[in-house]
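First to last, the protein sequences are chains W and B. With our numbering as the guide, the letters of the first sequence map in order to residues 1 to 228. With our numbering as the guide, the letters of the second sequence map in order to residues 1 to 212.
No more than 25 Å apart at the CA atoms, straight line, and that leaves these computed lysine to any residue pairs for SDA-like:
no., chain 1, residue 1, chain 2, residue 2
1, W, K214, B, S153
2, W, K214, B, R154
3, B, K13, B, E77
4, W, K214, W, E139
5, B, K13, B, A151
6, W, K214, W, A13
Residues of chain B placed beyond 10 Å of chain W at every Cβ, according to the derived structure:
no., residue
7, L15
8, L25
9, D82
What the hints contain is simulated information worked out from the structure, not anything from laboratory work. We put the beta carbon where it would ideally sit given N, CA and C, even for glycine.
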Amino acid sequence: MSTSSIRTLPGLAALAAGLMGFALFLAFFVAPEAAIEGVRQRIFYIHVPIALTAYFCFGLGAWKALLLLWRGDERYDLESYVAIHQGTIFGALTLITGSIWARTSWGVWWAWDEDQLVLFLVLFLFYCAYFMLRFSLEEGPRRARSSAVYGLFGVVLIPVSFLAVRLAENLIHPTVFTRDGPQMTGVMFATFCIAWAALTLLAYVLYRVELAGKRIDANLRELREVLG
Amino acid sequence: MTYLTDVAALTRKDLRVELRARDTLPAMLLFVLSTLVVFHFALPEGTGDNAAYGLLWVAIVFTALLGLARAWVPEQEHGVLDGLVLAPSDRSAIWLGKTLATLAFLVAAQVVALPAFVVFFAPLDLTALAGVLLADIGICAVGSLMAAMAAASRSREVLLPLLVLPLAIPLIVGGVGAAISPEGERYLLLLALYDGVFAVLSWASFEYVVTE
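Given the sequences, and given the hints that come with them, work out the whole structure.
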């Protein structure tokens, strides 16, 4: 990463923090109380954007993995790994916030008939195995390619697992988005979109920071080897 | 045509190695039968057939994992894989050959295990059997690629189940659904979709995990 793109990072980070604060303010003080669920429903503005951000990170990781296999450029390996790392963190947060929502809404910490939550559990296990694979292979082009192939399997697994989980479970998940468009008022929808944008930006900033850190680390190691 | 000849030759090689060494198939057979006996004692009295179908799928997946763990051992031990990768044939043929050989072992183990299941526990209808066959194809296709990745790692025996189990969850949903649901055909469709998608993906990506 060039120094100029590192310089934009503090600005981006400040923007992400500001937007995140604004989204939280909207979610807690501006958005109207949901008719049935009341205050508990406000976790929706955090939980769903986190889940969407996790998908975004997994997708980004798979895209970088595809580029690695396609072009054979080593730098995509680190990018793919860092994106999947972010995705796994956001996936864990989805599980935690989803579990809290299930507790407050249905009185249980875990509901197997909650499709999205089960899907995230499967994905979480899958991407944990990604790290196991990555850390038990010798560093080199073969590790990069094996990780990339496994990362690609992940994005294919998402729709197939979703279908499987849908078939396996009953539907009691509150369907907020239907074919007739979102069942929300304008303010609620705006709050949701801002929270989504804030979390996506936050994930992107974290991705860039970790990538920059890992690159500096790699450069430093190379320099140490040269200096002996 | 040469592609198919290569695949046939590779599959034949695996079957012949197995016929001479008898490393894998007897182990799979004994494992699946012991598992069924263990299940008899693990299931409390009056649990019903549905639980037995679920446990059958646990047995099938773990038997497949046992076979897959052995799949690349002959290649690893004598440096055969390097030779195969250097051979003037498409590398995906190596994957297809291995998948077919593993599938043959798994089906052979089930030829004994499924009748035993029917005798010990509950009947299986045609939809359930179709589900077993489709799931076998899926787990062998994905598993032989994952086993090749795991074989190159430091912790191969430990890694393989971790890699395969999350990927096998849709197969288990499909298999159990085909066995117990009145609308079993929908689950067969899911299994067929899984097989198609993941077989193509494994076929296309095998080359990347075996070349240095």
